[in-house]
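Peer 1: The task is simple: from the sequences and hints, build the whole structure.
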Amino acid sequence: MTAVATTGAVSPRNGARSGLVVSRSYQGATWVGAGGVAGVALLAALPLFASQGFVTNLVNLLILVAIATMWNALAGYVGLVSVGQQLYIGTGAYIVLVLAQNGVGAFAGLGLAIVGSALLAIPASWLVFRLSGAYFAIATWVLSQVAMLFVERFTSLGGGTGAPVPGLDVFGPGKLLEYTYWAALGVAVLSVISVYLLLRSRLGLVLTAVRDNEVGARSVGAHVLAAKRVVYVLAAAGCAGAGAVIAISTLDVEPNNVFSVQWTAYMLFAVLIGGIGTIEGPVIGAVAFFVLQQVLAQYNAWYLIVLGCVAMAMAIWARRGVWGLLATRLRLELFPVGYRVRLEERSTKKAGGT
Amino acid sequence: MTYANALVQGLLLGGLFALFACGLSLMFGVMEVINLAHGDIAVAAAYLAVVLVPLTHIPAVWIFVLVVPAFMVGGYFGQRLLIQRSLDEGPVTTLLVTFGLSVVLENVLLEVFTGNDQSLNIGSLVSGSFSVRGVILPYLSIMILGAALVALAAVQFFLSRTKTGRMVRAVADDREAAQLVGADYRHLFGIAAALASGTVALAGLALSMYTTVNPNTGPSYLLYGFAAVVIGGLGSLWGTLLGGMVLGVAMTMGSLVDPDFGAMLPYLVFLAVLAFRPRGLFPKKAIA
Chain A
45 MTAVATTGAV SPRNGARSGL VVSRSYQGAT WVGAGGVAGV ALLAALPLFA SQGFVTNLVN
105 LLILVAIATM WNALAGYVGL VSVGQQLYIG TGAYIVLVLA QNGVGAFAGL GLAIVGSALL
165 AIPASWLVFR LSGAYFAIAT WVLSQVAMLF VERFTSLGGG TGAPVPGLDV FGPGKLLEYT
225 YWAALGVAVL SVISVYLLLR SRLGLVLTAV RDNEVGARSV GAHVLAAKRV VYVLAAAGCA
285 GAGAVIAIST LDVEPNNVFS VQWTAYMLFA VLIGGIGTIE GPVIGAVAFF VLQQVLAQYN
345 AWYLIVLGCV AMAMAIWARR GVWGLLATRL RLELFPVGYR VRLEERSTKK AGGT
Chain B
184 MTYANALVQG LLLGGLFALF ACGLSLMFGV MEVINLAHGD IAVAAAYLAV VLVPLTHIPA
244 VWIFVLVVPA FMVGGYFGQR LLIQRSLDEG PVTTLLVTFG LSVVLENVLL EVFTGNDQSL
304 NIGSLVSGSF SVRGVILPYL SIMILGAALV ALAAVQFFLS RTKTGRMVRA VADDREAAQL
364 VGADYRHLFG IAAALASGTV ALAGLALSMY TTVNPNTGPS YLLYGFAAVV IGGLGSLWGT
424 LLGGMVLGVA MTMGSLVDPD FGAMLPYLVF LAVLAFRPRG LFPKKAIA
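Sequence lines, in order, name chains A and B. Per the numbering used here, the first sequence starts with residue 45, numbered consecutively. Per the numbering used here, the second sequence starts with residue 184, numbered consecutively.
Hints may contain errors.
[What the hints assert, rightly or not] Which stretches of chain A does chain B cover? Using the computed rule of at least three CB atoms under 8 Å from a CB of chain B, they are:
#	region
1	123 to 132
2	162 to 175
3	189 to 203
4	308 to 317
5	345 to 358
[Stated by the list, open to error] Facing chain A, a subset of chain B residues (Cβ under 8 Å, in silico):
#	residue
6	L279
7	V287
8	N290
9	E294
10	L406
11	A446
12	A458
Calculated directly from the structure, the hints in this document are not laboratory data. Each residue gets a CB set at the ideal place from its N, CA and C atoms; glycine is no exception.
Peer 2: Printed below as a string of C-alpha cells:
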C-alpha cells in the first residue's frame, strides 16, 4: 500500500543538463498517495463501526472494483475483449470449495485459488490467443461454458445445483462478515496496485504502447504477445480472488452463478461508464454502477437495461468515460503512470516545449 | 441402430445450427462484425411469434411470413443506427456495443415475459415422423434442415447473382475502391445486416418449435452458431452447414453418454478444431 506513496514521489531526473526534466511524478503525488493509504486504512477499519448491512454491500462493491480493474487491464491496455472472465471467477470459487471440502480453511483456500487459477490461465491463453478480436472474445466465453459443464459433472461438488462451502461456521456470523470484508478489500486493493505496478514497470511501457497503437508497438519490436499473456494471467488471478470471495460471502458455490456471463456484463458496464484504459476509471465506474444498482434495485432487471443503454451510449459517444471527461477538464491523474516533461528552474538555457 | 439414429438426428440438427451460423458468417464476411446479440435476436423473434400467433390466428408454421420481414427491417435500422456508429469507433467498440445489446435484450425479455419457458405450438407436427429401415426421421427436423438449405442458398444466390449482392461483396473486398464507383457502403452493410437478422429470426422460430426458449437461451446458440462458423471455415457459407452438422452429430452422440455430455461435446470439438485446425475443417475457397 505504501508503494503508492513512495514510488509516486520519485522523480528520475533524466536530461537535466539540457534543462528539460522528464518525470513520472507530479506536484502533490505524495499527498495523493498518502490520501490513498489513509483511505484504504479507513476502509479497513470500517467494520469496527459501520452497520452489517453496509459492510455486506461494500463486499459486493469491492468484488466489482477487483473484476472491473482486471477487465480494464485486458481490454483497456492490450485490446483483449474477453467475455469469459467468469471462467476464473468460477475456478476461484470452485478451488475454495474443493479445498474446504478437504479440510483447508476457506481464507487459506483464497490464496491457493488465486495461484491455481493463474496457473490454469497459462495453458488457456495458449488456446485463446490463437484467435483475435471477436473470435478471441467468443473463445473465452466457450471456455467458461466448458468449465461450467465440466464441474457440473461432479456429484461431490453438487452437480448442477452447487454445494455449500463447509467449515465457514467456525467463525461467528459477525466475525465471518468482517473477515470476508477484509478479504474483499485485500483482493480489490491488490488488483489496483498490481495493475499500477505493472504499468510502472518496463512492461507497462509496452502495455501503454499497445493501447495507443498495437501495430506501431509491434513495429518497434515490443514483445506484444508476452505482454498480453502477462496481463491475461494477472486478470485470471484477480478474477479468481473475486470468485473466492464470492464463494465465501454467499456461503455456497452455484455453477450457474459463478460461471454466469452476467459478471462480464458487470465489469464491462463499470469500465465503460468509468473510463476504459485508465486505472481510476474502473474504480469510479464500479462505484457508479453500484450506486445505480442500489437506487434502481426495486425495479428488478431494469437497472441492467438502463445501465446497458448508458454503457452502449458511452462506448460510442464518450469513449473515455466519466473519469476521462473529468481528467481532461481538471488535468487530473491520481496514479502517476504517464511521463511529464517540464523545464528545470535551475537551468540557464531557455528550452521550450512540453 | 442407436448410433445410426444418433448420426442422422445429428445431421438434421446441423440444419438448426447452420441457420444460426448463416447470419454470423454473413456479418463477419461482409463487415468483420461478430454480433454478440445474435442469439438474443433469435430468441426475441421467437417471443414475437409467441405473441403474434394467437393475435393474428396465423398458424405457427407460417408465422415467419410476418416475423422474418419485421426482423429484416429491424436489422437494417439496427445496423444503420447502432452497429455502424460503433463500427466507426473501431472493432473493440462494436464488441462492447453488441454485448451491451445482448444484455439489454435479454433483460427486456425477462421483464416483459418473465423467465418462464415458451415454445411455438405447431400441433401434431412436433412429434410426427416416419422411419426408414429403423432410422427415425422427424418431419420437424427435416423442415428445419430444409429451411436452412433454402436460407443458405438464398443468401448465396443474392451475393453471387444479384447486382446489390455483388456490390455487397465489392464493399467487403475493398471499401474505398467500391466507394469510388459509387457504392454506398452504409446502405449495403444495412442490407447485409437485414439478411443476417432475417435468417437468425428464422432460426429463432425453428428453435422455439423444436424445443423451449427463455430469455437466457440466446447466448448458448450464439456460441453454437459461432462454433459452426469456425469449424466450417471462416466466411464459407456451405462450410458453415457442414460445421453445423459436425456440431449436431457431436451433440447427439454425446447425449448417448448422458444429456449433459451432449451439451459439452460440441464445445470440445470446437476447442479441438481451434487448437489443431484453426482455419476450420473446410477452409473457404471462394468468398461468401
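Peer 1: Run every hint past the structure and note whether it holds.
Peer 2: Do the hints match the structure? See the list:
Under the rule that three or more residues need a Cβ within less than 8 Å of chain B, the assignment of the region 123 to 132 of chain A holds, with 3 such residues. Here the region 162 to 175 of chain A counts 3 residues with a CB under 8 Å from a CB of chain B, which clears the bar of 3, and the coverage holds. For the region 189 to 203 of chain A, the stated coverage by chain B holds: 6 residues have a C-beta nearer than 8 Å to a C-beta of that chain, and at least 3 were required. With 5 residues carrying a beta carbon less than 8 Å from a beta carbon of chain B, the region 308 to 317 of chain A meets the three-residue requirement, and the given coverage holds.
Proximity of the region 345 to 358 of chain A to chain B, defined as three or more residues with a beta carbon under 8 Å from a beta carbon of that chain, is established by the 8 residues found. A least Cβ separation of about 5 Å between B/L279 and chain A falls short of the 8 Å threshold, and the interface hint therefore holds. Because the closest C-beta pair between B/V287 and chain A is about 4 Å apart, less than 8 Å, the hint holds. Restraint check, B/N290 versus chain A: the minimum CB separation of about 4 Å is within 8 Å; hint holds.
Checking B/E294 against chain A by beta carbon gives a least distance of about 5 Å; that is within 8 Å, so the hint holds. Proximity of B/L406 to chain A holds as hinted, the smallest CB-CB distance being about 6 Å (cut-off 8 Å). Hint on B/A446 holds. Least Cβ distance to chain A is approximately 6 Å, under the 8 Å limit. Taken as an interface hint, B/A458 checks out: its beta carbon lies about 6 Å from the nearest beta carbon of chain A, inside 8 Å.
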